[in-house]
Structure formats: structure tokens, C-alpha cells
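Undergrad: Residue numbers (numbering that gives the first Met the number 0), protein chains in the order written: chain X, 0 to 301; chain Z, 0 to 301.
In case anyone wonders, no lab produced these hints; they're calculated from the structure. Don't take each hint at face value.
[What the hints assert, rightly or not] Computed list of lysine to any residue pairs in SDA-like fashion (alpha-carbon distance at most 20 Å, straight line): (1) X:Lys99 - Z:Pro108; (2) X:Lys16 - Z:Ser15; (3) Z:Lys96 - X:Lys56.
There are 2 protein chains.
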Amino acid sequence: MDLRVILLGTSAGVPSKFRGMPALAIFYLDEVLLFDCGEGTQVQLMNANVSFMRINKIFITHFHGDHIYGLPGLLSTMAFNQREDPIYIYGPRGLDKVLKAIWGLGYFPRSFPIHYRELDEEEVDFGHYTIASRAVAHTVPGLAYSFSEKPYRRFDEDRAGALGVPKSKIRKDLTEGKSVIVKGKRITPDMVLGELISGRKVVYSGDTRPSEAVTELAKNCDLLVHDSTFASDMREECYQYGHSTARDAAVIAKKAGAKKLVLTHISSRYGKAIELETEAKDVFGNAEVGRDFSSYPIKKAR
Amino acid sequence: MDLRVILLGTSAGVPSKFRGMPALAIFYLDEVLLFDCGEGTQVQLMNANVSFMRINKIFITHFHGDHIYGLPGLLSTMAFNQREDPIYIYGPRGLDKVLKAIWGLGYFPRSFPIHYRELDEEEVDFGHYTIASRAVAHTVPGLAYSFSEKPYRRFDEDRAGALGVPKSKIRKDLTEGKSVIVKGKRITPDMVLGELISGRKVVYSGDTRPSEAVTELAKNCDLLVHDSTFASDMREECYQYGHSTARDAAVIAKKAGAKKLVLTHISSRYGKAIELETEAKDVFGNAEVGRDFSSYPIKKAR
Chain X
0 MDLRVILLGT
10 SAGVPSKFRG
20 MPALAIFYLD
30 EVLLFDCGEG
40 TQVQLMNANV
50 SFMRINKIFI
60 THFHGDHIYG
70 LPGLLSTMAF
80 NQREDPIYIY
90 GPRGLDKVLK
100 AIWGLGYFPR
110 SFPIHYRELD
120 EEEVDFGHYT
130 IASRAVAHTV
140 PGLAYSFSEK
150 PYRRFDEDRA
160 GALGVPKSKI
170 RKDLTEGKSV
180 IVKGKRITPD
190 MVLGELISGR
200 KVVYSGDTRP
210 SEAVTELAKN
220 CDLLVHDSTF
230 ASDMREECYQ
240 YGHSTARDAA
250 VIAKKAGAKK
260 LVLTHISSRY
270 GKAIELETEA
280 KDVFGNAEVG
290 RDFSSYPIKK
300 AR
Chain Z
0 MDLRVILLGT
10 SAGVPSKFRG
20 MPALAIFYLD
30 EVLLFDCGEG
40 TQVQLMNANV
50 SFMRINKIFI
60 THFHGDHIYG
70 LPGLLSTMAF
80 NQREDPIYIY
90 GPRGLDKVLK
100 AIWGLGYFPR
110 SFPIHYRELD
120 EEEVDFGHYT
130 IASRAVAHTV
140 PGLAYSFSEK
150 PYRRFDEDRA
160 GALGVPKSKI
170 RKDLTEGKSV
180 IVKGKRITPD
190 MVLGELISGR
200 KVVYSGDTRP
210 SEAVTELAKN
220 CDLLVHDSTF
230 ASDMREECYQ
240 YGHSTARDAA
250 VIAKKAGAKK
260 LVLTHISSRY
270 GKAIELETEA
280 KDVFGNAEVG
290 RDFSSYPIKK
300 AR
């Protein structure tokens, strides 16, 4: 049940020599979920050694160019590499129009099915996890997303072995809560499953001013990746453009009871952005500035 | 009269870790002319320390994604940086449709005038130079371009000084072929201008199979930057996808009497592509494989 987040681009608005355009990947089981896809994301994915073929879902926060201009190239390269598996794209209302514009960009290749769905504030069930979307406070309509692993019970190999449960589909049935018969004896899930373990949660704000909805969405999350475009001395400009300061992000992480905060969407005026990290840490200790290719494994709950 | 060519991306179809998507810049006087604009061109321009504000003309060879997906981001960043100067975009028929798709890509910003013109096979006069376009032999309609400096005569400072010609607008008049009166004496252009010097010429093929039209266009050029997607052992696949081999490019450079050949649009299957260079040099000695950020100053004719 490996869960890992990789930042693929941590810049804001325009790229810099050091930060790529906004994009973030969540690795879970055998899937890669991509959030936003700024220009150059395909090269960032190559440099992070992520197989394009594992990406099966893309979530877009909003339709400012810095979050979407990498989509045409990424989808084209997938076609170039003869992908056949479908891909699913999610985003706020307006996604349909944006994708149709992409199909109109010259000779756009279509080798595999591209499914898409416009989201409101909702929760989509993907089996082992759900993705919830909440409206943010930006200059254009946008969504923040949470990835929430469902609570689960560990399969106790030792107890199952002692009870003679074979390594077969039967174990899957038990995990899913069904009782089974083994050598004439009824085995119930409670006999082989451990305590209920709460799932892990990752939240990505996209571009937003400080928002109650995002704070609520981030409640008790393991990792919050939050807009932190400027330091507090530029608060006015920051809010005017629909963004948060590093301090705002830290206040939200604290209120939400997040375990860790990573600052992203860093204005190109900053280099290593130590000042943003310092400002955030004053409020919320477990904060850091995201860098391209920073990787955050999320440990299983005990 | 500085003239210089910089390769900004030398890959084909898909980017690699080592080669960016197709783009090439010609620096002439105070202008930068951009040819093609693959994804990531704006970052390549930053890394080459090219001011976006100096770019005033963009020429697109054809509308395959690898040659145009950098346009939305480049134009957006120009707007982000509050550009006010107009930009002129040229390309084959279909440019209108592509640009309208770009305007439809989310919230595309428009802070400055974007003029554009679809070209056939023609020659456009830009004052000190002309740009000629010729249809290529690719899988979709496309154009090769030549940049041709107009022949000119050097202003002879010594002779002008001896004749008492002041350093004023009068010198410009003489350069442009007008006679002037200095202290009651008539000075004709011939009295202060040197021999007629032939202009320099750079040709960029874009994507094409070996083409008579490109060979003709490249006649006596100083620099030919030519499609060289594969080595000759992949000739069949190469032609199927509408490209040239390194050997083809060399044969064309030789036939055209080009002074120098640079191979570009290198398939991601090659690394340093030494095999392409070797193959080309067998036919045409002054050939090399282009690398991202390679710079080619074009010397003035004697």
C-alpha cells in the first residue's frame, strides 16, 4: 500500500530556471495520479523516471495556462508511444471547452480513449480511495482536491496460516468482509483481519487565497501541498492575484491539523525561497518549501 | 550587422532528457526571429539568456504538436511580463485555426497585439532581409524558410571623413543610395560606399523528406539546418514519417552549395547521434549534429 507524492513543478505563473510549471503526482499502488499539468510536465516526468503509461487519471485545478499547457504534449507523447489504455481527465466546469481547444491545436493525435468529467464540489469513489473536490477562492473558478485512502484492516498472515486459509481468492473475499468456508469450517473476516486502520490523506490546494473550504478539506491530512506564492510582505498583491502567503498556508495547516505542509506555486521572484519557509515555520513547525522532484512518502497509520 | 543562429531544441516528436522540442532563433541586428516553438521553448530561451521582448516574429513550419505546443506558454509569459509590442506570427495555411484554438485554451491572456499571416510559397520583405517560404514534403502541409540578408555596400568611414561628411542622418541617406550636398559640394553614394556585398543566407527545412524545393531554397546558403531524424539504416521508416536521413541532408547541402550543414530533429533513439554526424560527413564535410544551445555566428562576406 505504497503512497508517495512527487512535486513535478513548483513555480507560479511563469517558469524559472529552477522551478517547472505546476504539476504534482501521487503514486498509489500501481497507479500514478497527476494533478495539474503545466508546460514541460512531460520532461519533468521523464527526469523523475515516471512511466507515462502508469498515469491513468489527471486532475486539473483550474484553467490558467500555467496549470494546463503541458496537457497537449503529454497526451501527444502518450499517443506517440502507442498507448492504448484510456485516460481519465477531471477538472472544474470548462474542461470540455479546454479539451476541445486542445483537439484543435494542429494535428492532435488520438490513439487511445480520453474520458473526461467536469466536477463540482463532490467526492468520487475510485475503490481503494476517494477524490474530493472543493471550490477555491481564486480569480477564476477552481478546485482543490483531496486524495483519501479508505480505512482498511490489515490481513493477518499468521492467523490466517494457523487457520489453514489458502493463498487464493479466498483471502480477497475475507479482506472484503465476506465469510468463507475452509475445509468445512466457517472463517469470518474478524478471525483474520486486524484493527480498522484509518486511511491516509493528501490535499492539494491549487491556486487559492486562504479558504475555509480548503481548511475543511485538509482536516487531519497527512500532507497538505498549498499555494504559497508570496511572503507576507506582499500580502496585498498576493490576494489581488488570488493567492496565499506562506504564513496563510501555515495557518491553514495548523487549523486543519495537518501532519505536514509543503509550500508550492512559488513566485519566480524567489530563489530557494528560504524566507517563505521561515515565515511558515513560525506558525507551523513541520513546513517546508517544495522543490521540483521532492518526494514525500506517506507512512501507513500504525 | 551581427547574424547568429541558436538552436533551442533539436529533438523529434517527443522530448528527451537531452534535447528540447524543435525551436531555433535567428539574431539579426536588434531582432530575434523564432522558428518553430515546441513545448518548453520559453525555458530554453531563458536558459539561452534570450530576452523574450526582442522576439518580434515567429515562423511556424507546420502544425504537428512538437513544433507548436510551446506557443501558448511563450505568448502567455510575454503577457505576464506586460509586453505591449506587437508580435507577428507566420505559418502555413491552418495558422488561423491553430491560433484560435490557442485563444480557447482556458484563460489565455491578451495584453499585446498578435498579428498573423498564413503563407504560401512566397517571399516577404522585411527591409534589411527577406524570408522566403517553400512547401516541403512532409506528412502534413509544411514550409521551409530561408532568411536572406539583402546585398549591401559598406559605408567607408575613411573616405566619408576625408570628404567632410558629418556623422548625421546624411550618412543614412547615402547608404540608401541618395546623393547629398555637403558644404555646397555634391556627394554621391559611390563616393562613400564600398563594393556591393552579397547578403548572408540561413535556411531551416522544418520536417521534410528530401525535397527539390528545399535544395533550391538552400542554394549557396551560409547555413542549412536540416531535418535529420534517422540514420540511413532506417530510411524506410524515415520516409514513411516524412523525414530525411542524415545522409539525405548532406546530399542536399552538397547539391545546394551550402557552406555549412547542421543536423536537427534528431530521433530520441539517438544520444549524441555521432552516427548521424559520421554519415553526413561522408558526403558533406562541414556537417555537424546540432545540440540544444549550439550557436552559429554567420560571418559577413568579405
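Undergrad: Work down the list of hints and note, for each, if the structure agrees.
TA: Now the hints, each set against the structure:
Annotation: proposed proximity of Lys99 of chain X to Pro108 of chain Z holds, straight-line Cα distance about 18 Å (limit 20 Å). Our distance criterion of 20 Å between C-alpha atoms is met by Lys16 of chain X and Ser15 of chain Z, whose separation comes to about 18 Å. For the suggested pair Lys96 of chain Z and Lys56 of chain X, the alpha carbons sit about 29 Å apart, so the restraint of at most 20 Å is broken.
When the structure is compared with the earlier hints, a violation turns up for hint 3 alone.
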